[in-house]
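Number of protein chains: 2
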Amino acid sequence: MATSLVAFQGERGSFSEEAAYKLLGRGIRVLPCETFTALFESVASGRARYCLVPIENTLAGSVYENFDLLLANNLHIVREVSLRIVHNLIALPGTARKDVRQVYSHPVALAQCGRFFAKNPKVKRITYYDTAGSVKMLAERQPPGAAAIASRIAAEVYHANILATHLEDHRENYTRFLLLTKTARVSPKANKVSIVFSTPNSPGALYKCLSVFALRDIDLTKMESRPLRGRPWEYFFYLDFVGNVKDDKCKKALAHLSEVTNFLRVLGCYESAKR
Amino acid sequence: MATSLVAFQGERGSFSEEAAYKLLGRGIRVLPCETFTALFESVASGRARYCLVPIENTLAGSVYENFDLLLANNLHIVREVSLRIVHNLIALPGTARKDVRQVYSHPVALAQCGRFFAKNPKVKRITYYDTAGSVKMLAERQPPGAAAIASRIAAEVYHANILATHLEDHRENYTRFLLLTKTARVSPKANKVSIVFSTPNSPGALYKCLSVFALRDIDLTKMESRPLRGRPWEYFFYLDFVGNVKDDKCKKALAHLSEVTNFLRVLGCYESAKR
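Same order as they appear, the protein sequences are chains A and B. Heads up: the first sequence begins at 6 in the numbering used here, then just goes up one per residue. Heads up: the second sequence begins at 6 in the numbering used here, then just goes up one per residue.
Check before you lean on any hint, since a few could be wrong.
Since the list gives no way to pick out one identical chain from another, each pair is judged satisfied if it fits inside one copy or across any two copies.
Within a straight-line C-alpha distance of at most 25 Å, the following computed DSS-like cross-link-like pairs (lysine-lysine) qualify [said to hold, decoys possible]:
1. Lys-127 <-> Lys-187
2. Lys-254 <-> Lys-127
3. Lys-197 <-> Lys-213
4. Lys-129 <-> Lys-187
5. Lys-213 <-> Lys-256
6. Lys-256 <-> Lys-187
7. Lys-213 <-> Lys-187
8. Lys-257 <-> Lys-213
9. Lys-141 <-> Lys-213
10. Lys-213 <-> Lys-227
11. Lys-213 <-> Lys-254
12. Lys-194 <-> Lys-213
What the hints contain is simulated information worked out from the structure, not anything from laboratory work. Treat the numbers as computed from the prediction; the structure is a model and nothing was measured.
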């Protein structure tokens with residue numbers, strides 16, 4: 006995997022890029038994409054071998070657009086990584102902490118650093134389209150007295166300095182990412198399965214689906230629902246469970262599930278992220 | 006309810022205002038609020054008697070922020086209404102359909118009218134912060150050759166004309182709204198219950214919760230999950246089911262559910278929207 010091209014969404018220096026290095030090491034080549042749609046397309050078209058997709062944050066919840074894109078694209082989940090989101094105060098060389106008068110970042114990052122701004126009431130928050138993009142802007146335009154809030158990788162990419170770290174209010178701030186590629190493969194270490202299904206519109210349908218797992222003592226780790234377009238008030242369900250699709254128990258559970266669903270697709274079987 | 010003050014999010018003329026009239030008639034007084042947080046606050050503070058909150062759209066999915074606000078605020082769901090989202094092309098008197106060169110609207114509304122723009126390639130899309138707000142802007146600034154995409158109520162409020170209707174690509178585009186107030190009440194016609202709960206972090210916990218309903222043939226209509234802040238990878242579950250909290254079967258189901266959950270709150274019991 007070392008020299009593969011790995012696509013991510015956002016500017017160079019994003020948290021997605023940090024997660025890619027955590028999962029695959031520093032030897033990879035990276036391809037920034039502007040939107041999540043372009044991110045999935047980069048792999049579907051063969052331009053990149055892998056893409057790393059944020060799927061869930063422990064404060065903000067699921068990245069719902071990416072659940073929809075998992076269904077719309079025929080890519081396979083092959084790895085997972087969980088990254089602790091550490092917000093850093095970043096400025097260009099020559100700007101000291103005491104000089105900082107404005108801080109640029111994405112509105113979600115600014116909102117997650119409320120205590121820092123409460124303690125520094127003279128520092129103005131300025132919303133920007135991207136965390137790493139705000140460091141890039143500092144490097145390009147060099148506004149005086151300006152800093153940004155972004156990942157430590159952003160400081161490295163744009164040759165800037167970290168003036169302070171752990172600006173985030175909540176330490177329990179993690180984002181989970183999925184690594185996708187065109188060809189399904191199941192490692193022997195794989196211990197987690199992601200599926201998507203829809204049920205007949207009848208009472209107890211979802212309960213029947215979950216019984217497939219409960220009756221076999223299979224542990225569910227996450228469930229999500231998304232609307233079924235064109236069928237108002239019906240849903241696709243996304244489920245993660247503990248297991249390996251090559252194990253007998255898991256094979257039987259999926260066969261049983263296919264009896265009680267209208268539609269069923271395995272999105273991937275992969276090694277669960279260390280948490 | 007006729008002369009009660011009903012708060013909604015957005016500018017005058019929003020789809021929320023249209024939904025309020027559908028549910029409560031034209032006799033109500035309305036209070037526009039800038040954000041969803043301010044919307045909940047308007048009722049919590051006693052400024053408005055009711056607020057009408059969009060909770061789910063059949064194309065875009067749940068309005069997740071409002072699930073979080075239902076939990077954070079101690080308001081009660083007393084009614085529900087489902088509104089078909091019809092996008093209209095709206096311009097000021099004096100601007101004919103053939104004069105339209107730019108169309109302003111919220112990016113979601115513009116995205117939902119893709120076929121209209123494909124058929125009219127010379128018409129430029131311009132994103133604006135709000136659907137009704139774009140009609141308000143036309144009335145204030147009178148830009149030449151401009152139109153907006155918004156609700157029919159927006160045309161009425163800003164004395165503009167509807168040049169074309171049903172611009173939306175998908176006819177099956179509905180938004181479901183909840184009416185909230187400070188005091189819980191259950192009408193005899195109530196046939197739907199909304200609850201929120203969290204489960205112990207043990208295998209099969211969610212299955213046990215759903216069995217409470219399945220064993221009593223109680224039909225679930227919607228399930229949603231949101232992250233439990235400070236407890237990574239744990240969730241609050243939001244559930245809607247058919248029933249009335251004063252019925253014996255429903256009382257027993259809720260008592261049973263409280264045995265297998267850590268936390269349980271009834272958000273409201275109300276008459277289900279006609280669909």
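A quick look at each hint next to the structure:
1. With identical chains, the CA atoms of Lys-127 and Lys-187 are never at most 25 Å apart, being 50 Å at best within one copy and 38 Å at best between copies.
2. For the identical chains of this complex, Lys-254 and Lys-127 are neighbours neither inside a copy (60 Å) nor across copies (58 Å), given an alpha-carbon limit of 25 Å.
3. Proximity of Lys-197 and Lys-213 under a CA criterion of 25 Å is satisfied in both settings, with 21 Å inside one chain copy and 22 Å between copies.
4. In this assembly of identical chains, the alpha carbons of Lys-129 and Lys-187 never lie at most 25 Å apart, being 45 Å within a copy and 36 Å across copies at closest.
5. For the identical chains of this complex, Lys-213 and Lys-256 are neighbours both inside a copy (17 Å) and across copies (23 Å), given an alpha-carbon limit of 25 Å.
6. With identical chains, the CA atoms of Lys-256 and Lys-187 are at most 25 Å apart within one copy only, with a shortest distance of 22 Å there and 50 Å across copies.
7. When the C-alpha separation of Lys-213 and Lys-187 is checked against a cutoff of 25 Å, the pair qualifies neither within a copy, at 32 Å, nor between copies, at 37 Å.
8. Taking the shortest Cα distances, Lys-257 and Lys-213 sit within 25 Å of each other both inside one copy (15 Å) and across copies (21 Å).
9. Taking the closest pair of Cα atoms, Lys-141 and Lys-213 never come within 25 Å of each other, the shortest separation being 51 Å inside a single copy and 50 Å across copies.
10. For a Cα distance limit of 25 Å, the shortest separation of Lys-213 from Lys-227 qualifies both inside one copy, at 17 Å, and across copies, at 15 Å.
11. For a Cα distance limit of 25 Å, the shortest separation of Lys-213 from Lys-254 qualifies both inside one copy, at 17 Å, and across copies, at 21 Å.
12. Proximity of Lys-194 to Lys-213 under the C-alpha cut-off of 25 Å is found in neither arrangement, the shortest distances being 29 Å within a copy and 30 Å between copies.
Violated hints for the displayed structure, listed by number in ascending order: 1, 2, 4, 7, 9 and 12.
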